[in-house]
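Protein sequence lines correspond, in order, to chains A and B. The opening residue of the first sequence carries number 1 in this note's numbering; numbering runs sequentially from there. The opening residue of the second sequence carries number 1001 in this note's numbering; numbering runs sequentially from there.
Since the hints were made in silico from the structure, they are not lab data. From the three backbone atoms N, C-alpha and C, an ideal C-beta is built for every residue, glycine too. Please note: incorrect hints may appear among the correct ones.
Listed below are several chain A residues computed to face chain B (Cβ distance under 8 Å; list not exhaustive) [as the list claims (entries may be wrong)]:
| # | residue |
| --- | --- |
| 1 | L10 |
| 2 | Q17 |
| 3 | A20 |
| 4 | E24 |
| 5 | I33 |
| 6 | A34 |
| 7 | S35 |
| 8 | C47 |
| 9 | L51 |
| 10 | Q55 |
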Amino acid sequence: MNKKTGITYLQARQELQSLAEDLEKPDADLGQIASKVKRALELVTYCRDYLLKVQKDTETIINTYEKD
Amino acid sequence: MEKMDLIDLQRKLEDAVSRAFEEPCWVRAEINQLSVRNGHCHMELVQKEKATDTLLAKAQAVIWASVFSMLNPYFRTSTGMDLRPGLQVLLCVEPRMHPLYGLSLVVTDADPSYTIGGLELERRKTMERLEREGILDMNRQLPFPAVPLRLAVISSQTAAGYQDFQDHIGLSKYGFKLTLFTSLMQGTDAPASIIRAMEQVIDSGKEFDLLVMIRGGGASADLHCYDNYDLAAHIAQFPIPVVTGIGHHKDVHIADRVASLSLKTPTAVADYLDGLLAAEEESLFRISHNLERAVLRRIDDEKQSLNYLVRDIGGAVRWIIQHHGHVLELLEQRIKQNNPLTLLQKGYSLTLFRGKALLDASPLKEGDRVETILSKGCFGAIVNDIEN
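With the hints as extra help, turn the sequences into a complete structure.
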């Protein structure tokens, strides 16, 4: 759970998925496009940071255990 | 009829006897009594009927000191025992009649092989009896203790053999505990005395790992007692393993044959027991060393496979993250492609009519209000010129 967005990675990705689908609809509500895109890019950054953190954490853990 | 004095009669008999036996002759007999006085050996020789034990013949015999001092050691060396009552002997004798002492057989030689043969026969019979009774191998079949530390020792206290045994076992680094049960260890009375000592071992109520029966001193002593049936039967049926070291070098006695283990001397017994414990210790060391090695190897193996597992987990995690990253990238691309703001930045603009994108001018009438979104900002406008 992320403190800022208040959602998990999986929730973020699901939201991202539906935002992408919304934006691809031909009759998308243009008035909301800007805010949806903004929201989507925020989620992308969040997910990317999250993955990066997971990768770093696991590498640290694995390096500790791979000794001896 | 001629009348004569006793001395004349005796002299006539003396004469007749010496004429009748000009050569010495070999005689088979059993020694019934024996005594040594002033170095001379006086014996009563008998012959009994085998089946009934009835006395058939009896004669006095003497071995003069000059002969006895040579003959007895020779006899002992050959047979392992002194001339003594109960022995079957083959003697070379010269019958002599003395007017005062009467008829007597003067012994000049003895054939030990005859006695040995007799003893051997007796020994074989004893062995057969033990076997028939099913006790011959009883003691030998007891499991020999791996760590025999508590030793019941039957020996004569003063004998050098016990001292040797104590000294040798004292040198050992292992904590042997000796309990001495004294007994006569040679001669005719030895079997009964040893059996008594064995009973004392049992009656003591102590727990022992082994019964050690030792006797020091020369091999020349009379060890016929160790062929005794009663003693052999007691050893064979003794509840813990018996080890003998009765200090002989040549032949093996029945006592040795029935004992769990038989060694030549008390010292040999001490050394054997010490060696046994050293071997046991050594094998314990080896086992613990092997155990340690096996455990370490096992730990190494486990570590190795854990490392592989960790590496596999690392690989899996990397793969998952890569996969997610890829999914994310595709989503990002889709969103960016559909972002109209990118088009606005290139100079295109978007016009909205009633909140929706205006793609077609036909619904518009003059005076309608539309809204146009630019890359930066937006403005409202009134329609005044329509072309379809």
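Here is how each hint holds up against the structure:
no.	hint	result
1	L10	violated, 10 Å
2	Q17	holds, 7 Å
3	A20	holds, 4 Å
4	E24	holds, 6 Å
5	I33	holds, 6 Å
6	A34	holds, 7 Å
7	S35	violated, 11 Å
8	C47	holds, 5 Å
9	L51	holds, 5 Å
10	Q55	holds, 5 Å
Checked against the numbered hints listed earlier, the structure breaks hints 1, 7; every other hint is satisfied.
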